[in-house]
Amino acid sequence: MAQVKQYVNLPGATGVVGPTISFRVYANQVPNVHPGDRVDWWIEANPANMDLKYQSTAERTQLAHGPLPGVTSGTNHYFDNTLTLTQIGGDKYVVKASRDGQRANFKPSDEYETWRKLYYSVWWSHPESLAMFNGVEARWQDAFKRGFLELERKATQATLTPAYEARLDYRSLGRQFTGAGAHDWPFMNGGPGALMNLRNGGGNPAGATLSDKPLHMALLVVPDLYWTQLERMTFDPTTTVAGSTPTYNRIFPDPQLGGQWLWTAQASWSGAGATDVRGYFTYTVGWPTQINWDLRPLAGLTPYLAGAPGRNFRLDFAYIYRPPIGGFSWGNFSVAACTNMPENQVLQALTHEMGHAAGQAVQQEPLYNVGTGAALGTFETNPNWYNDPYGGSGPHCHINAILTPDPTTSSRQIYIWGGGAQMCPMFYMLNNDSDPDHFCAFCLPRIKRRDLRTPTGAAGTWNDFG
Amino acid sequence: MDIKFETPIVYLPDAGSPEVDSKREAIRIAVSDVAFEARTARFHMRAAYQFPGEIAGRYHRPEEAMVLVVHDIEQADGGSIRLENTFVWYRPGARPEPNQIAEPPLPMPGRGSLVTTSYRGGWLDVGVAFPCYAQVPRYRPSAYVYLLLENYVSNVIGLDLVDKKAIEL
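Chains A and B supply the protein sequences, listed in that same order. Note that the first sequence covers residues 1 to 466 in the numbering used here. Note that the second sequence covers residues 1001 to 1169 in the numbering used here.
It cannot be assumed that every hint is accurate.
Reference listing, derived: stretches of chain B covered by chain A, where coverage requires no fewer than 3 residues with Cβ under 8 Å from a Cβ of chain A [said to hold, decoys possible]:
1) 1008-1019
2) 1123-1130
3) 1136-1142
4) 1150-1163
Hints were generated in silico from the structure; no laboratory data involved. For every residue, glycine included, the Cβ atom is placed at its ideal position computed from N, Cα and C.
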């Protein structure tokens, strides 16, 4: 009897793909069976299988029918049945067939072990990031194998443009749009300077598709990444013709805008319309960086201010800066920065994000009557689940963490490591105190129980890209 | 009410961004693409915000401190969500936390004059969805949306889910 890994979440019904397996046995294959007899079918479940209290009748492994007579076709006489497997990972089942009433003499099937599979393709923008990913990939995959979820790499490719610091804007600053759908994800539109070429959310129709959607993640690894953002400052009224103001943001001269770092800068005073004064600005990098302006050469302004007491003007500008980010996951796209990150934190980030895709952390699960499969109307609550009021955002796991006072949360408390055993990778933030590739004893069985025909995520859907 | 962002929040202006009159208002929102389908209401929101410097200065990132409120009259329901891209992760220590640098002095001023000499702000746009279990919306507007930070409140936009349009109030 062979053991077969059956990937129950994959669509299809052939080979090891899909939750259904068709059986056909001929009269001469089942002991003591002859044309006209009934063949009995039953499932032998492994005692270590997942408790049936987590599965409704429809969700349980089941055969299409019990004892039935066979079918004669030409010289053959055969008996058919279909097994539909649970979506839970790690269960083992054998189907047995015998002459009805003679179960002691049976023909067994192979042993089917339930697995799930998700795919990913890797884009890398620098050899350093590929080396980092290759170094942690096996441990990342193993974290999920323990939950009977196999991660299969479909492809590995360099980004269209090499980048040490990758720009990952959700929308082009230069693309002035009015309606919805303005998010054009310029780094994946395949155009000049883009990193990737993928279809996205109804945009970029010339982009490439990913196979096996919605089960395929596009994973980008880069040494570092950023997006761009604007901050606007207005001085109104002011008489400061030459001055400066501090910022702790990292100012970004945008190569896509000819190196401009000011989006707008206008001076306005009575009798003069808004005047573009971008050319009168400089900045001095430091901590803080100083944004400087000297409008003394600006025609008309200084004479206007000197013309009468109490005169003033309005100065309004917006500069481009790049906030520091480490990575993000939106639907089936995930990006991780690798440089200056300890290997374990890169691994934890990857494990954490794919953990969200596998539905973690689970707050509660419905319970069912073990015998009948009927809903009990009660739930099993995960004691380690928490969300935003205690730190971070979204569903996370606080095993081996403790609460400490913190004014930034709505509960005025936040979870931190308790100083004992390691925390789960589903803790809300990267740290040195979580096991980066071993889910805790509460999350791991919930990964097994998660129906992965449609992966979830922290945001978006797994149909968003490709 | 479970409000969701259907796009990342972009903190950039575009041609559809509203203009804020910083002497009279701190936040102005504009809503487009109102939709109702399969018991989900959707809209796209753009905002411009300009807080008095001393208010913005209480936060490292005032744009992430704002909250979107949805007041659903149709269903007698409501909810709120912070305007932060929570699907993003940061290197430990890469950005200052908590976002709030200082608490506002109490008692807070009422919603009086916004006149001062310096302002700090920016823009944002985002796609929003919230569940609307009414089979057929009846009210015009069905829901009201607005942004706020502390006691600085934006203009209020009505969502007419019957005719699927935004109503400036």
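Kindly indicate which numbered hints from before are broken by the structure, ordering the numbers from low to high. The structure breaks hints 3 and 4; every other hint is satisfied.
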